[in-house]
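> One-letter residues, chain by chain:
Protein chains: 2
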Amino acid sequence: MNFATELKAWSKQVDDALDLYLPKAEEYPATIHEAMRYSVFAGGKRLRPVLVLAATQAVGGDVAKVMPVACALELIHTYSLVHDDLPAMDNDDFRRGRPTNHKVYGEAMAILVGDALLTHAFELIARSAEDYPADKVNTVTLEIAWAAGSRGLIGGQVVDMLSENKAITGEVMEYIHRHKTGALFRAAVRAGAILGGASEEELSCLTRYSEQMGLAFQIKDDLLDIEGDEAKIGKPVGSDLKNQKCTYPSLYGLEQARNMAQQAAEAACAELKIFGSRAEFLRSLVHFIISRDH
Amino acid sequence: MNFATELKAWSKQVDDALDLYLPKAEEYPATIHEAMRYSVFAGGKRLRPVLVLAATQAVGGDVAKVMPVACALELIHTYSLVHDDLPAMDNDDFRRGRPTNHKVYGEAMAILVGDALLTHAFELIARSAEDYPADKVNTVTLEIAWAAGSRGLIGGQVVDMLSENKAITGEVMEYIHRHKTGALFRAAVRAGAILGGASEEELSCLTRYSEQMGLAFQIKDDLLDIEGDEAKIGKPVGSDLKNQKCTYPSLYGLEQARNMAQQAAEAACAELKIFGSRAEFLRSLVHFIISRDH
Chain H
2 MNFATELKAW SKQVDDALDL YLPKAEEYPA TIHEAMRYSV FAGGKRLRPV LVLAATQAVG
62 GDVAKVMPVA CALELIHTYS LVHDDLPAMD NDDFRRGRPT NHKVYGEAMA ILVGDALLTH
122 AFELIARSAE DYPADKVNTV TLEIAWAAGS RGLIGGQVVD MLSENKAITG EVMEYIHRHK
182 TGALFRAAVR AGAILGGASE EELSCLTRYS EQMGLAFQIK DDLLDIEGDE AKIGKPVGSD
242 LKNQKCTYPS LYGLEQARNM AQQAAEAACA ELKIFGSRAE FLRSLVHFII SRDH
Chain D
2 MNFATELKAW SKQVDDALDL YLPKAEEYPA TIHEAMRYSV FAGGKRLRPV LVLAATQAVG
62 GDVAKVMPVA CALELIHTYS LVHDDLPAMD NDDFRRGRPT NHKVYGEAMA ILVGDALLTH
122 AFELIARSAE DYPADKVNTV TLEIAWAAGS RGLIGGQVVD MLSENKAITG EVMEYIHRHK
182 TGALFRAAVR AGAILGGASE EELSCLTRYS EQMGLAFQIK DDLLDIEGDE AKIGKPVGSD
242 LKNQKCTYPS LYGLEQARNM AQQAAEAACA ELKIFGSRAE FLRSLVHFII SRDH
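Heads up: the protein sequence lines correspond to chains H and D, in order. As numbered in the numbering used here, residues 2 to 295 make up the first sequence, in order. As numbered in the numbering used here, residues 2 to 295 make up the second sequence, in order.
I should point out that these hints are in silico values taken from the structure, not numbers from a laboratory. Please read these numbers as outputs of a predicted model, since none were measured by experiment. You may find that some hints are simply not true.
If several chains are the same, the list does not tell them apart, and a pair holds so long as it fits within one copy or across any two.
To be verified - Computed list of lysine-lysine pairs in DSBU-like fashion (alpha-carbon distance at most 30 Å, straight line):
| no. | residue 1 | residue 2 |
| --- | --- | --- |
| 1 | K167 | K25 |
| 2 | K46 | K246 |
| 3 | K137 | K66 |
Start from the sequences and build out the full structure, keeping to the hints where you can.
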């Protein structure tokens with residue numbers, strides 16, 4: 002199977018699993034379950050769950066078994082978007098071309114939807130205890146909670162918010178990215194690796210892979226905001242510039258930022274050597290990330 | 002030790018543990034850690050963590066060891082209050098006589114504070130894996146996530162919100178209470194019992210205890226809104242009446258509601274027989290709950 006076909010197949014499997022794991026839209030109280038599903042099935046790339054699956058595959062683990070944890074990562078990602086879009090936060094009316102959760106269900110419901118998705122993520126992880134040694138599940142819970150908390154994703158979010166309309170250093174910008182998006186990528190890869198039975202060396206390599214991959218992803222995101230096609234990325238191009246946001250291109254220039262993305266991508270792939278052909282997907286994923294157009 | 006002294010001692014131990022488990026106020030990014038602490042140390046009764054400790058004690062478990070899980074319950078309770086108070090939700094400016102989180106730190110930060118407290122709760126539970134058989138920790142994670150999620154606390158919250166200014170049946174009112182407050186009481190007691198090594202019979206008795214206790218608590222809450230002393234309960238008396246909220250007194254009358262609280266309290270205590278003197282605290286707690294003045 003080539004990369005595009007496999008990515009599509011895994012995304013589909015993730016979607017099916019999410020449909021299975023989430024409360025049905027008609028379950029009482031139906032409004033929140035419908036609203037949770039509205040944002041979960043809003044056409045995301047499923048990058049985080051696919052990272053979990055691919056990391057498990059790279060270490061020779063069972064991909065089907067790790068699905069609940071993969072889906073948990075997607076729920077955490079989705080909750081963070083729902084809360085991010087709120088009027089008190091980024092105040093976004095659209096995401097991926099569709100009205101944001103609070104535009105459809107109201108602010109109060111959107112707050113609760115985010116809370117419920119986050120909570121449900123930990124329920125899903127705990128349910129994996131049926132399929133794995135329980136201590137591994139606890140390790141993974143700890144990894145993911147750390148990555149999602151005030152020392153991870155939320156910390157990045159806070160610093161990003163406090164840095165708005167301010168000149169910030171490259172160091173602060175890196176803190177923001179490493180936490181706001183990087184932490185969850187890292188936790189996804191590590192969770193998949195740990196549950197798949199990674200050795201210490203394998204876990205170290207995959208951890209460094211995830212960090213470089215996250216960096217490449219972020220620089221590419223910044224580049225797309227300048228060079229991208231509005232219809233494809235689903236939001237106005239140039240919004241970072243308009244909001245005077247500190248980005249890799251604004252800090253290092255367009256050419257240098259492109260080089261940095263390329264270097265991070267190569268560094269990520271270099272960590273995959275010991276896995277041979279089992280890491281083919283993770284390798285292609287990096288190329289996909291830096292050549293994507295949305 | 003008599004009940005009041007023991008309650009005070011345990012509350013103090015919970016406070017000390019929370020201080021230990023939460024990121025320090027100066028840890029980067031300091032704003033959120035300070036804001037998390039602002040709401041956690043806002044003078045709550047620590048009822049949920051104390052229930053965890055007391056349930057462990059009743060089954061002969063180690064009270065000190067269960068402290069992280071006890072604190073996790075308090076973090077979940079606090080997060081739900083922070084989000085509840087938001088302008089989009091109940092829009093409360095004061096809680097327990099102090100400005101609410103968003104009044105001090107702004108709405109965006111208060112949303113993130115709630116998210117971070119909820120996430121940190123699951124981190125704390127997972128950390129207990131050092132002290133307990135890992136499968137028990139997973140069971141407890143599952144119990145608590147269920148109780149806090151859209152089928153528990155959040156579900157109650159949703160139905161409460163959708164019922165505002167509407168005539169609702171006693172059944173719907175009971176759904177709201179059983180989920181909005183009852184679910185977390187139940188999870189607290191069950192978590193303490195499970196980690197303390199409860200037998201199946203002990204767990205069943207304590208579960209029923211928690212349900213009756215939660216009912217007594219809720220009816221008393223409704224009664225305090227009519228009969229309470231504003232200065233003591235820290236919010237305006239009569240607000241339920243003003244908001245046309247369906248309460249036990251509004252549905253059954255004052256006298257009958259008082260009887261129901263008394264009956265629930267007695268039913269709760271009846272479940273404690275098999276525990277003998279080890280359940281002395283849980284017994285006194287019920288009397289405390291229905292005789293409290295705030």
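> Now look at each hint and say whether the structure bears it out.
Hints versus structure:
1. K167 to K25: Answer is between: at 26 Å across copies they meet the 30 Å cutoff, but 44 Å inside does not.
2. K46 to K246: within (24 Å within a copy, 44 Å between copies)
3. K137 to K66: both (13 Å within a copy, 21 Å between copies)
Hint compliance for this structure: no hint is broken.
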